[in-house]
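Visitor: Below are the chains, spelled out letter by letter.
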Amino acid sequence: MLETLPEVLNSLTQPLNIILLCTGVLAGIIVGALPGLTATMALALLLPFTFTMESDTSLITMGGLYIGGIYGGCISAILINTPGTPSAIATTFDGYPMTKKGQASKALTAAAISSGIGGIIGGLALLFLTPVLAGWALNFGPPEYFWVAVLGLTMISTLSSGSMLKGLIGGCIGLLLGTVGISPVGGESRYTFGFSQLQSGLELIVILIAFFCIPEVISMIENKVKSQKSVRREKGIVKTLFFNIIKKPFFIIRSSFIGIITGIIPGAGGNVASLLSYDAAVRFSKDKKSFGKGNVDGVVAAETSNNAEVGGSLVPLLSLGIPGAPPAAIILGALMMQGITPGPNLMSQQSGLVYTFLIAFVIANVVLIIFGLMGSRYIGKVLSIPVSYLAPSIVFLTIIGSYAIRNNFLDIALLIGFGLLAYVMKNAGFNPAPIVLGLILGPIAERGLAQSMLLGEAAGNVWGYFFSRPISIVLIILCALSILLPVLGNLFAAKNEDSQERMGA
Amino acid sequence: MKKLALIFSSMVSVILLASCGTNASGSGSAEDYPSESITYSIPFDPGGQSDVEARRQQPYLEESLGQDILIQYKPGGGGSVGWSELINKDPDGHFISGINIPHIILQPLANDDTGYQTEDIVPVAIFQATPIGIAVSEDSNIESLEDLVKKAKESPGSITVAGSGTYSGHHIASLQLEHLAGIDMQYVPFDGAAPSIQAFLGGTTDVIFGNSSDLIKYQDDMKILAIGSEETFKPMPDVPTFKELGYDMTPAIDRGVAVPPGTNQEVIKTLEKSFLDILDEEGVKEEMYNEGFQPKQMGHEESMEYIEKKTKEYSRIFEMLKVTCNDLNQSNETPLDKIPLLWNYQKGCRTWRVQECLRLYRKY
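Same order as they appear, the protein sequences are chains A and B. Residue numbers are given in numbering that gives the first Met the number 0: position 367 of the first sequence equals residue 366, and the series is strictly consecutive. Residue numbers are given in numbering that gives the first Met the number 0: position 248 of the second sequence equals residue 247, and the series is strictly consecutive.
For reference, chain A alone in the conformation it holds in the complex:
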């Protein structure tokens, strides 16, 4: 690593690279903040411009854009309850309630700081642990995917605020929505109703906007949500928040760790990372009831892990040539256009380039914190726009965004249809989070289950294949704990109350 230092320094001190790094981060934040426009899409748009660049410049710009895009998603999540990218789902859970309480700039500041810190931890893991982590990624087979999805589904208990039954029903609806399209193993098309566009399944982002944003906009129009004329500006908020976050190293490291691990596993992206991390934050918190009502820790947990995930998703790309997430796939494409074939030898053959990229990656996260903090002072002002302008603009943006994802008109129809359904369901007391959870995890679970059954069958022992692999066992124990602990906790609490009552009597 040291012998490449001069090359790295030389590349990173070039004015063009520095400017493009900052521009990339800034452009990423803007694109990420717009609902429907994702980091993946921004990278795809940037791709043609990178051909004429030097390979280090193109990688630096793309890395900046990727990081900015994942962070940008939190802005619309916090301000209008719409995850700008799927990674920001969990940010809505507490971010939007904070906005309702007039704490939008606090939420945005917390998101900027934690995103940056998460990103830096992810970047450092990428820098130092790539070979170790890559080997670990390969041990993750179909049964592990299945169990990780099951573990994720146990989060319904955390996410279904209010009625557990409604949470479970929501989860089932989500699982059902996840079956639309060509089945992963077997290849027949399901629930497409003759629309060939549905063969690829329901687009996650469209469903996200439909379930999170549309009901909120309708409420806004119904004057349930008043436009927030004044977003409170608190002095010294950055300092306080920063120290608050730093004071909880375990919390930050846990969130980053979840993010990095999820990122390494190809197929599970920032959305799963932020949900798992949010779930962990709630479970380990002493004050569980405050989550979902505007607890800043919820925002910190989600944002730390989804930005740490970025680093994780690049591990398999740089070490094996396998992209861990869709944006990483585009970076792989960009490398190929440069005549560099990412594969197991990338680290040894292009070490200068790889280390330049990795260090730029860490720097980009610092740039992100700066931009994020500068922005969070002003961006909250969006909310002071009168509802009569704000609501149509949001609808306009979401419709453009839904169409842009796949250039598909059917997606707009789905957005409106599911949006109305979501509004009705919300009024009936259904939380959108379990539905979206089912939709994200259902296909991962199904694929894992079917592939494991095929593999287990070939090995002659289907049950053994599911229950005997080391990582599987860890995941199974986590699943069991996740389900049993709240139940046991309740029992314990009930007994305590009992005895206290008796003591009192």
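Any given hint might turn out to be false.
[Unchecked claim] If we take Cβ atoms under 8 Å as the criterion, some of the chain A residues that face chain B in the derived model are:
#, residue
1, Thr3
2, Pro5
3, Ala26
4, Leu46
5, Phe139
6, Pro183
7, Gly193
8, Gln196
9, Gly320
10, Ile329
11, Gly332
12, Pro343
13, Ala403
14, Arg405
15, Leu453
16, Leu474
[To be verified] Cβ-Cβ distance ranges computed for the label pairs, FRET-style:
#, chain 1, residue 1, chain 2, residue 2, range
17, B, Gly156, A, Lys292, 53 to 59 Å
18, A, Ala427, B, Lys311, 54 to 60 Å
19, A, Gly338, B, Ser143, 31 to 37 Å
20, B, Glu142, A, Gly463, 27 to 33 Å
Keep in mind the hints are simulated off the structure, nothing from the lab. Each residue gets a CB set at the ideal place from its N, CA and C atoms; glycine is no exception.
With chain A fixed as given, assemble chain B onto it according to the hints.
Guide: For chain B alone, kept in the frame of chain A given last:
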């Protein structure tokens, strides 16, 4: 409620505006072609092999056609979403789409609601191919395809094979080999080439079917037993072809470009020349070989014939599958009622399910 009505009217107006945009395009005659920018649709995610090729072609095409080439991604359904869009576009040559063979042949065979038929797609040229190869892990005790076949015969159904997708090129290649060698292996479909490689490198499966461009990246970690090219594949001089080993199969993914049905012959000629000339540019072929691609130079007519030939070939394979299926149906060796789910999946992957056999039977 008034306000609700307002929001829906605004939604509707946005949609109307957007649809106007698409209807307005598509003018101009064949003489002044191309009269506006050309949309080059890639029915896959960015960064894939089709995208890499399109990006390589983009500057050359802009030079020869004198118009901007806009690359658009329309992923989904293994390409079918993009191809259904293609056949419904105006046939004026300003919307072209990348095509993959055998995808465009196999998808309509596998599902009724694919949204296009193979013959709707009018190929302009085929310019690139990745022969499909079979490989085992570097530390496997299998040294050759013969070893693999011998091992598969010793323990039928226990060798696991990774590949990308069901009813895909990899799946059919695996079935072909099973048929020609008289063996029974367990094909496990993954959600794309990258996840299947990851599973294979992690030891999840014993064997992998992969595209040459992917295999070449990992050739230090695996032993490539055979490759699906017609003759020795230039980037892999030491790897025998399936044919050389006595298995009459040439599995490959061919990539080309197509226009909607009803496109003027002159327009096709113009595009054909632009695409085929790229391969004669200096350094292009070398670049393709280095990335593990096989350059091809098939024009409109030749591509049509090729697709027809391949369609016949794949139909034959389906015919063969049908027989296997009927055999399975008649014999009572699979305990149907015992584990219905497992049975369903197993049959869905290894052979055709009974209903599908019947459906196919009606089709031919």
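Visitor: Hints broken by the structure, by number, lowest first?
Guide: As far as the earlier hints go, 1, 2, 3, 13 and 16 are violated by this structure, in ascending order.
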